[in-house]
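Chains as they are written, first to last, in our numbering: chain A, 1 to 237; chain B, 1 to 237; chain C, 1 to 237; chain D, 1 to 237.
To be clear, the hints were calculated from the coordinates, so they are not data collected in a lab.
Hints may contain errors.
Claimed, not checked - Quick partial rundown of chain B residues pointing at chain A, CB under 8 Å, derived from the structure:
id, residue
1, L116
2, H125
3, P129
4, A135
5, I139
6, A191
7, A197
8, S198
9, T202
10, L205
11, V209
12, R219
13, Y230
C-beta atoms are modelled at their ideal positions from N, C-alpha and C, and glycine is treated no differently.
Below, each chain spelled out in residue letters.
Number of protein chains: 4
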Amino acid sequence: MSGRDELRERAFRANLDIVAAGLVVLTFGNASAVDRGAGVMAIKPSGVPYADLTADAIVLVDVDTGEVVDGAYRPSSDTPTHLVLYRRFDGVGGIVHTHSPYATAWAQALLPIPCLGTTHADHFHGPVPVTRALAEDEIAGDYETRTGNVVVETLERLELDPLEMPAVLVASHGPFAWGEDAESAVENAVALEAVAASAYRTVSLAADVAQIDDGLLQRHYRRKHGAGAYYGQPRGS
Amino acid sequence: MSGRDELRERAFRANLDIVAAGLVVLTFGNASAVDRGAGVMAIKPSGVPYADLTADAIVLVDVDTGEVVDGAYRPSSDTPTHLVLYRRFDGVGGIVHTHSPYATAWAQALLPIPCLGTTHADHFHGPVPVTRALAEDEIAGDYETRTGNVVVETLERLELDPLEMPAVLVASHGPFAWGEDAESAVENAVALEAVAASAYRTVSLAADVAQIDDGLLQRHYRRKHGAGAYYGQPRGS
Amino acid sequence: MSGRDELRERAFRANLDIVAAGLVVLTFGNASAVDRGAGVMAIKPSGVPYADLTADAIVLVDVDTGEVVDGAYRPSSDTPTHLVLYRRFDGVGGIVHTHSPYATAWAQALLPIPCLGTTHADHFHGPVPVTRALAEDEIAGDYETRTGNVVVETLERLELDPLEMPAVLVASHGPFAWGEDAESAVENAVALEAVAASAYRTVSLAADVAQIDDGLLQRHYRRKHGAGAYYGQPRGS
Amino acid sequence: MSGRDELRERAFRANLDIVAAGLVVLTFGNASAVDRGAGVMAIKPSGVPYADLTADAIVLVDVDTGEVVDGAYRPSSDTPTHLVLYRRFDGVGGIVHTHSPYATAWAQALLPIPCLGTTHADHFHGPVPVTRALAEDEIAGDYETRTGNVVVETLERLELDPLEMPAVLVASHGPFAWGEDAESAVENAVALEAVAASAYRTVSLAADVAQIDDGLLQRHYRRKHGAGAYYGQPRGS
Chain A
1 MSGRDELRER AFRANLDIVA AGLVVLTFGN ASAVDRGAGV MAIKPSGVPY ADLTADAIVL
61 VDVDTGEVVD GAYRPSSDTP THLVLYRRFD GVGGIVHTHS PYATAWAQAL LPIPCLGTTH
121 ADHFHGPVPV TRALAEDEIA GDYETRTGNV VVETLERLEL DPLEMPAVLV ASHGPFAWGE
181 DAESAVENAV ALEAVAASAY RTVSLAADVA QIDDGLLQRH YRRKHGAGAY YGQPRGS
Chain B
1 MSGRDELRER AFRANLDIVA AGLVVLTFGN ASAVDRGAGV MAIKPSGVPY ADLTADAIVL
61 VDVDTGEVVD GAYRPSSDTP THLVLYRRFD GVGGIVHTHS PYATAWAQAL LPIPCLGTTH
121 ADHFHGPVPV TRALAEDEIA GDYETRTGNV VVETLERLEL DPLEMPAVLV ASHGPFAWGE
181 DAESAVENAV ALEAVAASAY RTVSLAADVA QIDDGLLQRH YRRKHGAGAY YGQPRGS
Chain C
1 MSGRDELRER AFRANLDIVA AGLVVLTFGN ASAVDRGAGV MAIKPSGVPY ADLTADAIVL
61 VDVDTGEVVD GAYRPSSDTP THLVLYRRFD GVGGIVHTHS PYATAWAQAL LPIPCLGTTH
121 ADHFHGPVPV TRALAEDEIA GDYETRTGNV VVETLERLEL DPLEMPAVLV ASHGPFAWGE
181 DAESAVENAV ALEAVAASAY RTVSLAADVA QIDDGLLQRH YRRKHGAGAY YGQPRGS
Chain D
1 MSGRDELRER AFRANLDIVA AGLVVLTFGN ASAVDRGAGV MAIKPSGVPY ADLTADAIVL
61 VDVDTGEVVD GAYRPSSDTP THLVLYRRFD GVGGIVHTHS PYATAWAQAL LPIPCLGTTH
121 ADHFHGPVPV TRALAEDEIA GDYETRTGNV VVETLERLEL DPLEMPAVLV ASHGPFAWGE
181 DAESAVENAV ALEAVAASAY RTVSLAADVA QIDDGLLQRH YRRKHGAGAY YGQPRGS
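Produce the entire structure from the sequences given, and follow the hints as far as they go.
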């Protein structure tokens, strides 16, 4: 399989996986994968029903210019948002955008998802932030690029490492999640929805519950990430 | 396939699709398609379990007279409501009625679904309205026709184009959705339920959240609809 | 097929149908069917996992004496409750007991399910009542018989015809539903859960919403039931 | 099949069953089984996707020393928690840990699950307790062992028999459930989630509803457990 075919295949599988995980209704979602060496991103074509999607239909886009490199279809209308994130964050290898039910509810409520338990801390190194609303001129202009910019701005304002906080809620819109590759982007999108649902029910039971202590947050996050991680199997095993 | 068989087939598939999408429990729902040239509507037979439904069982009804043109069964008891909408709105090619869980909750709460995010704005050009309650004499008389009338009255009172607001909640009852053909009517019914669920959870998290700004609403709606649309693939591609 | 085999088959299928409809977790539920001519009830064996259930395992019980007439297993521990209902209500041909999620929540909240929409009115002729709590001596004694008695007492106190109100919530326990045969008992149990979920979400959106007007309740109930019914296909068609 | 293979097979099946029951998203959960005679526990390997899990991948661990006895993978990171429970509670033969949606919401809300109905009383002899939060030094040190200790401490403080209260919520984390064998541990984890969901909805409908009377609790618990049990089929039948 050529490098391009393999990249398409990975983006294709990520798009199928977010549907299988119940994160997508109709065509409300898209996943991409990047090949840093080739400077090419593979992304879902715009508005194509998931049932009709094939690996061949995945569109290849030049990360620098934003031009379609290969593909019979128009790429996702959210393509400029993905490009901003790939350009700004070197470590990101895959991006998933959905309107998943509970994460979208937090985004529409204009609220970050508080860190209320260890499931959250296993994946996200603190509360999952929500962006500010876009200004009128940002919406009227190159809207999708500005959406990417406000995600970047949010992480920078909070001094967050994008691989330690691999998701942001776009206000009144929905979540973007990412990871070092497309597979981990999907995993983070699935974890985000589980965590969003869990936090929704928790605040419904106890409106004023506090976030977990920093010690517990660090412990769970570091069980799975970084040099001291001991969750999972050793790399290369 | 003859024109009548094709029309039946489209109505049949739309009825199956609303079940597959989880919008229907038992026999709580029906879908129809219209052939404007022939002046004929195809609709689900009344009270037939979805598991037993075949394309042959779909009933053909004259749009003007309301008489059954062809079919072995009695048409859906909601047939007069569908007829009112087809007669009044030329651009409508398909109609879906369901008691889908979250849209019905808003209808029973006598509340419009506020526009709280871009998923909503992608499909509905503003809040999805709820009708007034029917008066006693409307209920006692030709109830199903009056149900259609109050849907029309609601759109007219709010000066809404039915193709820009392709759904209305009937108070204490449930949603009617439509589109330029049966396929888009199903899509709008699915989007409506997703949006209704999302808004339900949003107001549960933040009771007083405001609707999105008009600029964001217009941007998302116009991404998908009208001359400037750039979502999806070019027509004819 | 003999009469006994047919009766077993109908009870068996009703038990499978409540699982397929998502009303049952683990072994929390049972369905029965009665043969009035033979004076025999067919009911699920106690505690047998649904995956292992066969028509042969269904237990036949004499309606008058409560003795097992035929069957290798002990009948459902709720057998005495079913017997009370069959003895008291001649028109009942099938009974379903579940701990379905939303109906059980209303039962545990000690609240009747208010009639908030037409889905409800299509199946239940008014709010679905909840019993009083059983007294200490009722619980300590022949508990399952007393459970049946309090269902009967509830319908009688409210002067409800059991075929017009084919379900009652047992306080702190869960719903019993029934119908003129096992198939309609299952249908009523499914409708009850849909209505319970819908009402739950409605009061969450609008805590003080009023029940629907009597005119709308009668119209919908009478569309489907009694001499003037016009929903569904003519009997014998 | 050898004893070790059989033990692996039982732990393997328990791990599949919690996924099939919808209790697990991604790799958030693990099940174990113990062979008391051999002093060996079989547990899921850490971080292995459920879709890739085989019986051979199950890891065998010495209950006393905590050393891996047999297996190609690193055992679940929660292994020390399981070991504490097996060491302390002789009657426990299987343990299930999940982040199931509703039970986790109660754990994150730092609230016990009140006993609001008979479904609860059928499985848990009173409210399902929640642990205190772990102290900073407990989190920083041998965290997973301390998690087991705080479960034990909670049962002892409340003077609960672990087989009569076969689940505890770990604060800000999620549920541990167990039983006399792996199969009943799974059953208790499934029942716990159903009960947690039901209680969530009940308090949403009626915030101040009281727990059920002790008489009803005892009756339902004793229908299924102990010498006077009459639910299910006679042992050995």
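Hints, one by one, checked against the model:
1. L116: With a minimum Cβ separation of about 4 Å from chain A (threshold 8 Å), the hint on B:L116 holds.
2. H125: violated (16 Å)
3. P129: With a closest approach of 19 Å, the B:P129 hint is violated.
4. A135: Not OK, violated: B:A135 not within 8 Å of chain A, min 36 Å.
5. I139: Hint violated; B:I139 Cβ to chain A Cβ min 34 Å, cut 8 Å.
6. A191: Nearest chain A Cβ about 6 Å off; hint holds.
7. A197: holds (6 Å)
8. S198: At about 5 Å, which falls below the 8 Å cut-off, the nearest Cβ of chain A leaves the hint on B:S198 intact, so it holds.
9. T202: Holds, because the Cβ-Cβ distance from B:T202 to chain A comes to roughly 4 Å (cut-off 8 Å).
10. L205: holds (4 Å)
11. V209: Holds, because the Cβ-Cβ distance from B:V209 to chain A comes to roughly 6 Å (cut-off 8 Å).
12. R219: With a minimum Cβ separation of about 5 Å from chain A (threshold 8 Å), the hint on B:R219 holds.
13. Y230: For B:Y230, the interface hint holds, since the closest Cβ of chain A sits about 6 Å away, which is under 8 Å.
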